[in-house]
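Participant: The primary structure of each chain is shown beneath.
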Amino acid sequence: MAIAPTIYIVASDQHRNGKTLLARLLADYLLLDGRDPFLVDTDAPDGPLRNYFPGRTALADFATIKGQMKLFDTILAAPGRDYVVDLPVRHLENFLAAAADLNFFQECKNLEFRVFFFFVVDNSFTSLKAAKAVQALAGIDLFVPVHNKLVRSTWPEEEGSLTIPLLPAAIASAIGNKRFSIRNFVQGDVQGLDEEMTMQLQNFLYEVLNNLSNLEPVLSLKNLKM
Amino acid sequence: MKPTLILVGADKGGVGKTTMSRTLLDYFARKNILTRAFDTENPRGSLHRFYPAITEIIDLGNVAHQMKVLDTMESAAVPVTVVDLKAGNLSYSLDLFERIGVLEAARNGMFTLGLVHVVGPSIASLDEIGEIAKYLQGVEYVVARNSINETNFFEWDEATYRKYFTQISKTHEISIPKLNEMAYEQVDVAGVTFKDFIDNRAADGSAGKFSFVLRGYVRKWCAENDEEFARVKMLQDILGTRHT
Numbered sequence: 034m035a036i037a038p039t040i041y042i043v044a045s046d047q048h049r050n051g052k053t054l055l056a057r058l059l060a061d062y063l064l065l066d067g068r069d070p071f072l073v074d075t076d077a078p079d080g081p082l083r084n085y086f087p088g089r090t091a092l093a094d095f096a097t098i099k100g101q102m103k104l105f106d107t108i109l110a111a112p113g114r115d116y117v118v119d120l121p122v123r124h125l126e127n128f129l130a131a132a133a134d135l136n137f138f139q140e141c142k143n144l145e146f147r148v149f150f151f152f153v154v155d156n157s158f159t160s161l162k163a164a165k166a167v168q169a170l171a172g173i174d175l176f177v178p179v180h181n182k183l184v185r186s187t188w189p190e191e192e193g194s195l196t197i198p199l200l201p202a203a204i205a206s207a208i209g210n211k212r213f214s215i216r217n218f219v220q221g222d223v224q225g226l227d228e229e230m231t232m233q234l235q236n237f238l239y240e241v242l243n244n245l246s247n248l249e250p251v252l253s254l255k256n257l258k259m
Numbered sequence: 009m010k011p012t013l014i015l016v017g018a019d020k021g022g023v024g025k026t027t028m029s030r031t032l033l034d035y036f037a038r039k040n041i042l043t044r045a046f047d048t049e050n051p052r053g054s055l056h057r058f059y060p061a062i063t064e065i066i067d068l069g070n071v072a073h074q075m076k077v078l079d080t081m082e083s084a085a086v087p088v089t090v091v092d093l094k095a096g097n098l099s100y101s102l103d104l105f106e107r108i109g110v111l112e113a114a115r116n117g118m119f120t121l122g123l124v125h126v127v128g129p130s131i132a133s134l135d136e137i138g139e140i141a142k143y144l145q146g147v148e149y150v151v152a153r154n155s156i157n158e159t160n161f162f163e164w165d166e167a168t169y170r171k172y173f174t175q176i177s178k179t180h181e182i183s184i185p186k187l188n189e190m191a192y193e194q195v196d197v198a199g200v201t202f203k204d205f206i207d208n209r210a211a212d213g214s215a216g217k218f219s220f221v222l223r224g225y226v227r228k229w230c231a232e233n234d235e236e237f238a239r240v241k242m243l244q245d246i247l248g249t250r251h252t
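In order, the protein sequences belong to chains P and G.
In this text, residue positions in the first sequence follow the numbering used here: the first is 34, and each later residue adds one.
In this text, residue positions in the second sequence follow the numbering used here: the first is 9, and each later residue adds one.
FYI, nobody ran anything at the bench for these hints, they're computed from the structure.
Given the structure is predicted, the values throughout are model-derived calculations rather than measurements.
Ideal Cβ placement from N, Cα and C applies to all residues, glycine included.
Warning: the hint list may mix true and false statements.
Example chain G residues on the side facing chain P (calculated, C-beta under 7 Å, incomplete) [unchecked claim]:
| hint | residue |
| --- | --- |
| 1 | Met190 |
| 2 | Gln194 |
| 3 | Ser219 |
| 4 | Val221 |
| 5 | Gly224 |
| 6 | Lys228 |
| 7 | Cys230 |
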């Protein structure tokens, strides 16, 4: 089944809760699925994503108008492929304001993009509130609350969320190395991990990638209900 | 309906007079009101660059040119005429119009005469308001604080400002908000109207390649302008009678 080009936005109102890891996993998931995602890392000048995906990542500083152009204009000038946008905490509000001012989500719809918004919901009440505000936005095809087991989450369990399982610190550190390719690991290259770590990472990825591949049926169900 | 003649002027250069004229012409274009414009910045004409089809460059000191503006007011099928007065020419022009009977004709109701006085953020701009007060009887007077490409705040204190305003009975006051400088520059470079920029249309009518982001900011800025213009009776009167 052909899947419409999709913009995957990964954001949170809190720091250090696995946002960039999720963006990276998403990109690897799409690549493993045979798609051709382009990434926009709006956390310039740092841009951790670019280290993992050189050649398919643009670095933009969303605090500047040039950065906004780089993000929005890059995406809208070349529709027909997938995009993963990593939005750091400090740009979340700006991004939402600019998207509203510019009618960005409507323009996405005009160009036949779907918009998936991933929001890592932290263990604070403010985070839940911020997530609910994004969920209520018009123009988003699928809102995905993300529960990172490492930081816990105030998102109500009964409403369902995308879960990132616990990842032992040693493995997190190993795959944090910019030479480590999750894609190659999934395809059998353990890249120096020992047997136990390999097993643990396999379990972790199995769960995450499975959860990601379940989003399409989730969306179909949601559309059916409407 | 009665035609309307809108003068756009300032006694000081560089306060965004031509931008103000463009903003007005753009407003009417978006509201489907036909306009024509005269650019007195002879012979260069920066307004002419943005609106070549409806703008004529004239010299107000020239009697033949004066006639071109005034004698065609009633015969022209266009309800709105905008005259962009050259910088430093405001008092001179008003004086001239007084002498040749234009102000009187307006007072007698032959047409509506509006003056949009563009002021910058300096105190000097306030003095200009005092200087021209004597011409303003029967004129729809609009003071436009222009912040389009300003980063500094207006240095007027409200008390002084009010003092100037009490000299003049019917004053509308509008504020042209700041437009992102990159967006402003792109419109300028392209030499298109704000409306065409928003619609992504190049000067020659072909599809433009303007940034979605910058187009969005211009659109937002225009919406902010519309809110300002909505408070000016003269402009709303023009819109209100468009179907007659």
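Participant: Which numbered hints does this structure break?
Facilitator: Violated hints (numbers, rising): 2, 7; every other hint is consistent with the structure.
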